[in-house]
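Chemist: Numbered per the numbering used here, the sequence shown spans residues 1 to 559.
Any given hint might turn out to be false.
To be verified - Derived DMTMM-like pairs (lysine to aspartate or glutamate); straight-line CA-CA distance at most 20 Å:
(1) K192 with E221
(2) K151 with D178
(3) K215 with E170
(4) K151 with D58
(5) K90 with D178
(6) K151 with D57
(7) K98 with D178
In case anyone wonders, no lab produced these hints; they're calculated from the structure.
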Amino acid sequence: MGDIDFQAMEFAYEKHADQAAATQARHPVVVVGAGPVGLTTALDLARQGVRVVVLDDDYRLSTGSRAICFSKRTLEIWDRLGVGQRMVDKGVSWNVGKVFFRDQEVWRFDLLPEPGHRRPAFINLQQYYAEGYLYEQARQEPNIDLRWKNKVVGLEQAGDGVVLSIDTPEGGYALRADWLVACDGARSPVRKLIGQESHGRIFRDRFLIADVKMKADFPAERWFWFDPPFHPNQSVLLHMQPDNVWRIDFQLGWNADPVEAVKPENVLPRIRALLGPDAQFDLEWVSVYTFACERMDKFRHGRVVFAGDSAHRVSPFGARGANSGVQDAENLAWKLRLVLAGHAPESLIDSYAAEREHAADENILNSSRATDFITPKSDISRSFRNAVLNLARTHAFARSLVNSGRLSLPATYIDSPLNSPDSDTFAGRMRPGAVALDAPVRGSGDSPWWLSQLGTGFTLALFCGDAPPDAQTLQALRALRLAAVPVSPVLVASPGCEAAGWPDDLARVIDVEGLLAQRYDALSGTAYLIRPDQHIAARWRAFQPDAVASAVNRAIGRA
């Protein structure tokens with residue numbers, strides 16, 4: 001069976017019962033925008049039992065490859081939602097990048113140099129495939145009501161909800177949402193409807209994207225050239241995509257005419273200069289973009305919450321746009337679920353804004369620095385950049401200064417009010433606020449990976465070594481499952497543990513290679529509280545039921 005042509009798909013408008021209802025329909029959550037971020041938000045909420053309406057003013061998926069680099073963390077989120085493997089199977093996996101200065105390689109880096117990870121550092125996959133797989137998964141979810149050709153044209157905050165005015169091919173109607181999540185892109189109509197705007201920096205440079213279909217023997221790596229002989233005084237980026245399609249980004253300069261730049265007679269010579277005069281290829285998609293780094297001042301406005309490009313935008317080098325948007329979705333979904341269920345105060349949504357505004361600032365900082373390195377604004381900065389590139393060939397210290405786009409990593413919410421500060425001494429990266437690292441394990445189910453053992457709620461991981469906990473500890477662990485906000489305990493045993501004596505009613509995994517304990521700096525008795533979005537909430541050298549209960553309260557905004 002061949003691939004579905006997602007770019008050719010068109011979705012029919014269907015009249016909904018809400019349009020003819022005698023009274024205004026009310027829904028827990030309405031998501032505006034059926035792109036990667038909107039569909040991820042809807043899927044995450046639906047998997048947690050929340051009914052979601054998704055409104056989109058279009059009737060198609062995205063055109064052209066657009067976002068193509070999806071990070072390890074994004075794939076782990078999509079694993080939870082049932083689409084990660086499909087993305088990986090279709091995508092081009094890669095970990096290695098190379099940087100060239102003129103005609104010489106100056107640096108090679110590996111973004112995932114150690115074994116024991118389920119997912120690669122990145123896959124390259126055209127955005128229309130990612131959207132298509134998310135759409136097909138959403139279509140199977142009974143909790144998702146997806147409405148095409150439904151355009152939000154009016155919005156009114158109404159205390160405990162939002163009233164939306166919606167335009168359709170058969171006229172307008174209104175509905176009410178307890179919460180509205182705006183995932184409607186960089187030009188966000190919802191943002192305009194509430195009188196908000198983004199602030200930031202527009203960089204005076206233009207880049208040409210060319211998607212080229214060809215058969216080539218280049219490896220699946222990220223290649224970035226500074227001042228190459230085939231495109232002097234500018235930069236070029238090359239990436240492999242599925243279906244023998246290659247993404248090429250050419251720096252054009254600010255004075256380039258974007259209308260003229262996309263004409264075939266101007267695009268083809270640039271590609272032939274890179275590939276050679278006899279190269280055989282077809283041009284699939286061409287576009288021109290300008291770097292921008294900006295965000296809204298606040299991501300929450302009453303019952304309206306912004307995610308993805310509607311909230312923040314960065315330049316594409318570094319793959320921080322779509323990946324950050326998907327991480328917005330995973331941060332927000334569990335918090336909305338708890339607030340809607342009455343288990344957490346509404347102020348928990350403020351923590352979404354605080355944590356993801358911090359992440360946006362981090363992305364904007366990294367993206368701005370990359371842009372300044374790629375496009376020097378003065379002779380002095382260009383001389384500095386070229387000196388760094390020359391030194392990078394032979395000096396390790398200079399390689400840390402080379403910036404062709406610091407590639408996307410998940411944010412660590414260092415100062416989040418949801419974190420319980422350490423009371424014990426730990427080494428390593430698994431501090432409160434960090435995203436949980438994966439490792440191979442043997443446990444329940446078919447997946448031999450740690451993150452797959454975590455559910456949609458809070459998890460307490462208790463490292464037990466070779467022996468099960470004592471009776472008193474087991475009783476306290478069982479009690480966690482009965483709390484108002486339940487916590488699922490998982491016993492982590494060392495590779496040499498015996499099967500006898502372990503309780504059947506508590507989940508247990510075997511740390512088959514010892515990597516889980518190593519990455520979490522865990523000894524026998526160490527406990528970790530992990531949030532529903534797989535970020536660390538707290539950790540202790542010894543399990544303490546009262547401390548766990550306090551940390552859960554703090555993590556749901558009841559500090």
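Chemist: Which of the listed hints are not met by the structure?
Modeler: 1, 3, 5, 7
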